[in-house]
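Assemble the dimeric complex from its two separately framed chains, guided by the hints.
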Amino acid sequence: MGYYILRRLLIAIPSLLGISVVLFTVLALAPGDPFEELATNPAVPPEVRMALRAKFGLDDPVAVRYVRWITAMAQGDWGFSFVSRINVDDLILQRLGVTLFVIGTSQILALLIAIPVGVIAATRPYSLFDQIANTLAFVGFSLPTFFTGLLFILIFSIWLDWLPFVYQADIKATGWQWYWQHIRQAIMPIAVLGLFQGASLVRYVRSAVLDVIRLDYVTTARAKGLGERVVIVKHVVRNALIPVVTLVALQMPAIFGGAIVTEQIFRIPGIGSLLISSILANDTPVIMAVTFVFACLVVLFNLIADILYGWLDPRITFR
Amino acid sequence: MNEHELRALAGEVKEGKLSRRAFITRMVALGLTAPMASQMLDFVGVARADTKFNYKPTKRGGGGALRLLWWQAPTLLNPHFATGTKDQDASRVFYEPLAGWDADGNLVAILAAEIPSRENGGLAADGKSVTWKLKQGVKWHDGKPFTADDVVFNWEYAADPATSAVSTASYKDVKVVKVDDFTVRVEFTKPTPFWADAFVGTRGMLIPKHLFAEYKGEKSRDAPTNLKPIGTGPYKLVDFKPGDMIRADANADYHVANQPYFDTFEMKGGGDAVSAARAVLQTGEYDYAWNMQVEDAILKRLETGGKGAVHVVPGGNIEFIQLNSTDPWTEVDGERASIKTKHPAFSDPAVRQAMMLLVDRKSVEDHIYGRTGVATANFLNNPERYNSKNTKFEFNVAKANELLDKAGWKKGADGIREKGGVKLKFVYQTSINAPRQKNQAIVKQAAQQAGIDLELKSVVASVFFSSDVANPDTYPKFFADMQMYTTTMTQPDPELFMNQYCSWEVATKDNKWQGRNAARFRNDEYDKVYKEAQAELDPVKRAAMFIRMNDIVVGQENGTIIPVVYRPRAHARSNTLRADVSGWDNDTWAIARWYREG
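As you go down the protein sequences, you meet chains A and B in turn.
For the first sequence, this note's numbering gives the first residue as 1, with consecutive numbering after it.
For the second sequence, this note's numbering gives the first residue as 320, with consecutive numbering after it.
Take the hints with a grain of salt, since some may be wrong.
Stated by the list, open to error - Lysine-lysine pairs mimicking DSBU-like chemistry, simulated, CA-CA at most 35 Å apart:
{"id": "1", "chain 1": "B", "residue 1": "659", "chain 2": "B", "residue 2": "491"}
{"id": "2", "chain 1": "A", "residue 1": "55", "chain 2": "B", "residue 2": "375"}
{"id": "3", "chain 1": "B", "residue 1": "528", "chain 2": "A", "residue 2": "172"}
{"id": "4", "chain 1": "A", "residue 1": "234", "chain 2": "B", "residue 2": "509"}
{"id": "5", "chain 1": "A", "residue 1": "172", "chain 2": "B", "residue 2": "458"}
{"id": "6", "chain 1": "B", "residue 1": "757", "chain 2": "B", "residue 2": "509"}
{"id": "7", "chain 1": "A", "residue 1": "172", "chain 2": "B", "residue 2": "375"}
{"id": "8", "chain 1": "B", "residue 1": "560", "chain 2": "A", "residue 2": "55"}
{"id": "9", "chain 1": "B", "residue 1": "497", "chain 2": "A", "residue 2": "55"}
As the list claims (entries may be wrong) - Output of the computed footprint for chain B on chain A, the stretches with three or more beta carbons under 8 Å from beta carbons of chain B:
{"id": "10", "segment": "27–34"}
{"id": "11", "segment": "80–93"}
{"id": "12", "segment": "146–160"}
{"id": "13", "segment": "259–270"}
To be verified - Cβ-Cβ distance ranges computed for the label pairs, FRET-style:
{"id": "14", "chain 1": "B", "residue 1": "498", "chain 2": "A", "residue 2": "45", "range": "39 to 45 Å"}
{"id": "15", "chain 1": "B", "residue 1": "492", "chain 2": "A", "residue 2": "280", "range": "51 to 57 Å"}
{"id": "16", "chain 1": "B", "residue 1": "756", "chain 2": "A", "residue 2": "64", "range": "38 to 44 Å"}
{"id": "17", "chain 1": "A", "residue 1": "101", "chain 2": "B", "residue 2": "557", "range": "39 to 45 Å"}
{"id": "18", "chain 1": "B", "residue 1": "690", "chain 2": "A", "residue 2": "155", "range": "27 to 33 Å"}
{"id": "19", "chain 1": "B", "residue 1": "557", "chain 2": "A", "residue 2": "250", "range": "48 to 54 Å"}
{"id": "20", "chain 1": "A", "residue 1": "280", "chain 2": "B", "residue 2": "475", "range": "44 to 50 Å"}
{"id": "21", "chain 1": "B", "residue 1": "753", "chain 2": "A", "residue 2": "177", "range": "39 to 45 Å"}
{"id": "22", "chain 1": "B", "residue 1": "508", "chain 2": "A", "residue 2": "87", "range": "36 to 42 Å"}
It should be emphasised that the hints constitute simulated quantities derived from the structure, not laboratory data.
Beta carbons: idealized from backbone N, C-alpha and C, even for Gly.
Next up, chain B with everything else stripped away, as it sits in the complex (with noise of 0.2 Å):
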């Protein structure tokens, strides 16, 4: 089925002649993935149907105590200044966005009366601007209403770079606009297909103006209101004790009916992983814990004490491993690794196919992650419409060593394969992490026997992955051959995510290495695609181009990335508590939905 045949099939479903079920049913026999379908409705302005969740209970409370154990304690509660997940995590609890991501990365209104499509007028047809809808009768804790006035104040003040809001990028580039006492206008300066960003899910959670207006920018600090939220959530603040816990009651007076069913609310903070673990899925004093970290086998023993189970929900970030294009090992102008330099082996592609062929990528799905580490021939896995189907993983050292021979790589007396007076001798690092140290060791044993030597290298995580200048162990340094590092994701749309490897982005002394590509990874038609996709306004197009970057970086001919597990987010849950979570959000992102059963 060609393109004009989609988009004919498309009008029919907006003309009302086919179901959008039918439509999908289609698609997906196709072989298009469910959300991809949906996105193109979407496109061609056919309205969506709201996400249906299973919420059973009938009226609010009731529901006793939510109890959740997050390993790591939040420390403050301002959303825009929320150092970790943990902090936007709890914060989320009281604070809302307009809307948020639900599990397939869809969006989801929460303080948006309707979500801003082409149909109802909210999304330009030039990609210049969105306009959202607030819902009405939303109050704040203290019982003033929520206005355009509020949304607006959250743009400046996160705006602000006196502020240092961590959110800022969200912010910085756009323009709100307020339209009357429940519109706002966001504009761009230029057509942005990715409009949902301001606002949205994990930075986009709002703030009282009558709280926070006196406390702008460099006053931001001293604001009360930072340790002691008053936003629109489903739970209201009785106490919190940063580093330690927060407790809250149900607010009576939120905006969705029946809604928290419990009457309190509790999130207890610090320790450790596995005995956050034990906590739920054994002894059962918890009914939630975050950020399962822990090794798969752990989990399944724990998992037998029967009171709980662990979930794994899709999300985006992915363990991988970098070869570098640069050469590490010689100085020019002051730097090492400097794009100046080529690295003398993996400039060869038989080297980098090699590498390639050599990363057991199924022993360590199998033996260390289990299943919060999912084998993956790419480096952008999710959300499912930006997968791509054109890759696929092997392990073959016989493969290797045909490739290595082949492209005059010989092996000399100590056993090493040698070419011109360089040796495949590489120094492979990563940050100390148990499961880190097994996969080194898987990589080295298979490029032993295909005549490559690896020097296993592991740095403490505090200084692998810290913004220190000073130090030469530093991830974006990249002082090394090879490096390995789970990579964040955290939004479904990857236009952020995969600035990782333009290379504008590369990580160089003059920009502090501060570049976001540790890589060095540079590419001219990758540049150029993905320049092509910061303007499409086409989801689908948009979406083919993603998949194209994501073949090049991993691809034979130049690629340097290779990914190893994708990291689905892990949680343990009680058996009887009922929650939805989404891996493009926060962990609390609906938890006014949350309730038990059983």
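Isolated chain A, as found in the complex (with noise of 0.2 Å):
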């Protein structure tokens, strides 16, 4: 195990350089600058803009600075942003706290959601409950995140006015009043990222369950005069949810994804919205990082999907 997991993380090491060498590549393609705002504003003289860009090595060729950035990266520097002027990793870690609860949040609902609406709609299939509760689901992940983040914002800020939709990190009051706030703020984001996940996930649920369900051994179970609660918690849903999990920590990645769009709408300072300003402002360094941060999470998650599903069903073995 401990040598499959270290061997696992040594492949891990050409793959991130190789995606590190393909985002580098491309930011250094695409096309902008980030001072291009100086370049527009008629009171900074273009030698202003050309000191920044030697200062900041923006004229060198893509291949020095790569070099550049991986040698200070592997030494943990991760450079320091062009707009703020301030070391990436700070700016990652002001954004990380939010971004988690957010994601951390919205799994926990998808979960309880789609766990019990999965397993019920599967233990009565094609029952009233097992029509809506599928119809729902098609419904719920074919509607994109900004799409329902903007209906909720309509009704639940504008006609309704029950919840602010302006989302703000450090919130003044305390006590209760300080929870009350932040579960208020949180509610729509994490509603929207929640229900989207849930929706795909409940169709999972559900497949894995019915596979389950028909094996001879809860047959067995059943002939042996166990209750029905006992015979789908114990012995079905646990089997039925193997594969559930390693697809959670598989759509991590994904729904880091998904919150950049959700974190734009809501203004919640996480990373997602970090990446989508920094790309509006070619602040590469920063895009550079929270771009590969995502595509650490996807290895990394990636390997624990395998190590769990190894973990959950000791029929496989890791070689």
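Written as structure tokens, this is what we have:
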């Protein structure tokens, strides 16, 4: 097991290197200039822009810039943002908490919806409940998050005026008020992400449970005279969840991606909105760092999925 | 009334025979504008009545929270590094200049004790220096006093090329001398009519010497205070998250009595303009939202929410079309659109005049921009004293056809006019932005009726406005026949603004297309008048010179510029908030005076 993890981690290094080369080249080839706003401002002489470009090493060839970036990165130096001139790791750390909170909570919400709904739908296949659950699931994952986000804002903020739609990372209130305000502003983004995830998970849970529920050992359990509840919870769901757990792990990076749009809509100061604003500002070091973090997450969660799978299903061995 | 009589009258005001107001009323009756009349009095040395703001609160604080929404989030708080207006606006809450510009383009003292004038001895008669008296008793947020040393330091800091300050243009060619602890003198190398540049307005914000002295030049990036401003402004920083939000508390030691009114200040960033407008106009979550680049129809719909309204303040930004003076399709010495070439069609004044007649500016205003874009015949629109009254615009397809017929441009079988093998087929480029594409379509349709075929091209804004030397689609390269964009006027004096048509500013391969004259406009008279204006100390004559320059670039005879709409600055504001906003300075320039009523 330990050997397996070590080997997988070693394999991850060349793939991450490859990813970084591709990202860096694409960013270097993409048009745009972090000092674009200075270019259109008549009050800023072109020499300032030239000096800044030279100072930040933008005029060097791509290969030189890449080597400089990767050696600094290997030593833990993530570089600094061109627009705010502070270190990129500080910038990301400032944003990470909010993103993890929103994504984590929405993932929990998704599981809380998907597992019971999927299991009940599978135990009563083609019943009215199953039909409705299926239809809603289809609607849910066909609607993109930016659409549901805007819809929620329209309904809950503008028509009903119940919830704020501008997210604030630090709320000044204390005590219960603090929690209440946090929950109020987080309801919409979490619901948007959670419902979207939940909708797609429902179908996986349903089909996984359906696969298991027909197996002989379930019939045996029933024949032993176990209650239906025990059969479903202890025998069916446990086994059915093995593929679902790996799926959740594999989907984590995709959720980060989905959160980008949601963060932008609700002005959540997370990593996703950082990525968007740095792309708009051509802030290469930040774009590079954030996309690289995403790449690492993909590799990492793939590994976690594989390990979890083996751990949950002892029939699988690591070699 | 001739110049001599005017001067006599202004003299009477000086001697106290005529009141300032009576003089201005008479001038306005004669067709002069109030700011222009007011400036005439300044020139003869009549003290200016301080612009009075209707600030009602009678004590400091007690106003609760002030909440602003900037849809582009501030990313750093050092005014000398402010990449965009968002950073300047945010810095302005903490840092202040010696003086700011009000909505009419007049100077208002902030950290200066008074505005320098000929009468108070501030302005040298030869126009080669200006002496600023500083307000005394001003303290930085950390309690240290603000003195002339700080002012001199800001000059050293910004003028140092190693600092790479974006404000350097205002400082690098002047010399700043400390006269005493509360007096500084700015010295120019030649007579300078526009002396209010260094230490004034957007680029004049002053940072404290005692915190930045160690971080001058190469080390400028490392200053911790780049993100934690210690200024003299009405609010003190509590927390700043780059790209997200700023939180601040009222400065209990602020140097103006009874200000600020609000106890806390918050500036949230990010998102998009429409939802920012919504948060102010419809839900009232915020008090103020900046830069409403949203179609007027949408703004009007949001305003029915009843929580706030959109306000516009005049500024100098203008959306305009350039006709290329050079030939973008021929390469000379490896350079397209080289000034060694002439545009095959636009070199004929009839074609240029026809194009001017084919731009339906009124429709662009009515159907696209609404309150945020006003149809205009002038390139230089504001301040009012520089606005030419000699020009007018007209949309007339029949007249354009007639002009082209007369000049010998005949319609071919395909309905496109041609003469001597040159077809009236033009590429018309702009950046990708919904109103601009609509505007292109309006022009194309009219041109078609006159036998001119326009090929519309739209370039992603991040490319179009970049300084990327390798990219052929940037606006300074102008490898097209026509192009359209907005150019900004950042200060009320047009000297810098109007240099974009000087022949030495032409963007060429030699200067890596860094010249500001993208249109490649070249005119001897323009160059001559511009040089004269740079040295003319009489504001009335100087205004006339800028008006003449405007008339040349948009004129029938030599003009290649078609102004479309000038773009006043629009912001959304809660109905209860009273804010003093100027189009010549940062939105937050007078934030100390903002208060709530009702």
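Quick rundown of the hints versus the structure:
1. 659(B) x 491(B): Distance of about 33 Å is within 35 Å: holds.
2. 55(A) x 375(B): It is violated: about 49 Å lies between the C-alpha atoms, which goes past 35 Å.
3. 528(B) x 172(A): 32 Å, holds
4. 234(A) x 509(B): 90 Å, violated
5. 172(A) x 458(B): 28 Å, holds
6. 757(B) x 509(B): 46 Å, violated
7. 172(A) x 375(B): 28 Å, holds
8. 560(B) x 55(A): Holds - the C-alpha atoms of residue 55(A) and residue 560(B) are around 25 Å apart, at most 35 Å.
9. 497(B) x 55(A): 32 Å, holds
10. 27–34: holds (count 3)
11. 80–93: holds (count 7)
12. 146–160: Coverage by chain B holds for the segment 146–160 of chain A (3 residues, Cβ < 8 Å).
13. 259–270: holds (count 4)
14. 498(B) x 45(A): 39 to 45 Å: 29 Å, violated
15. 492(B) x 280(A): 51 to 57 Å: Cβ of residue 492(B) to Cβ of residue 280(A): about 34 Å, so the range 51 to 57 Å is violated.
16. 756(B) x 64(A): 38 to 44 Å: Taking Cβ atoms as reference, residue 756(B) and residue 64(A) lie about 39 Å apart, which means the hint holds.
17. 101(A) x 557(B): 39 to 45 Å: 22 Å, violated
18. 690(B) x 155(A): 27 to 33 Å: For residue 155(A) against residue 690(B), whose Cβ atoms are near 29 Å apart, the range 27 to 33 Å holds.
19. 557(B) x 250(A): 48 to 54 Å: 42 Å, violated
20. 280(A) x 475(B): 44 to 50 Å: 34 Å, violated
21. 753(B) x 177(A): 39 to 45 Å: At 42 Å between Cβs, range holds.
22. 508(B) x 87(A): 36 to 42 Å: 41 Å, holds
Comparing the model with each earlier hint shows violations of hints 2, 4, 6, 14, 15, 17, 19 and 20; every other hint is respected.
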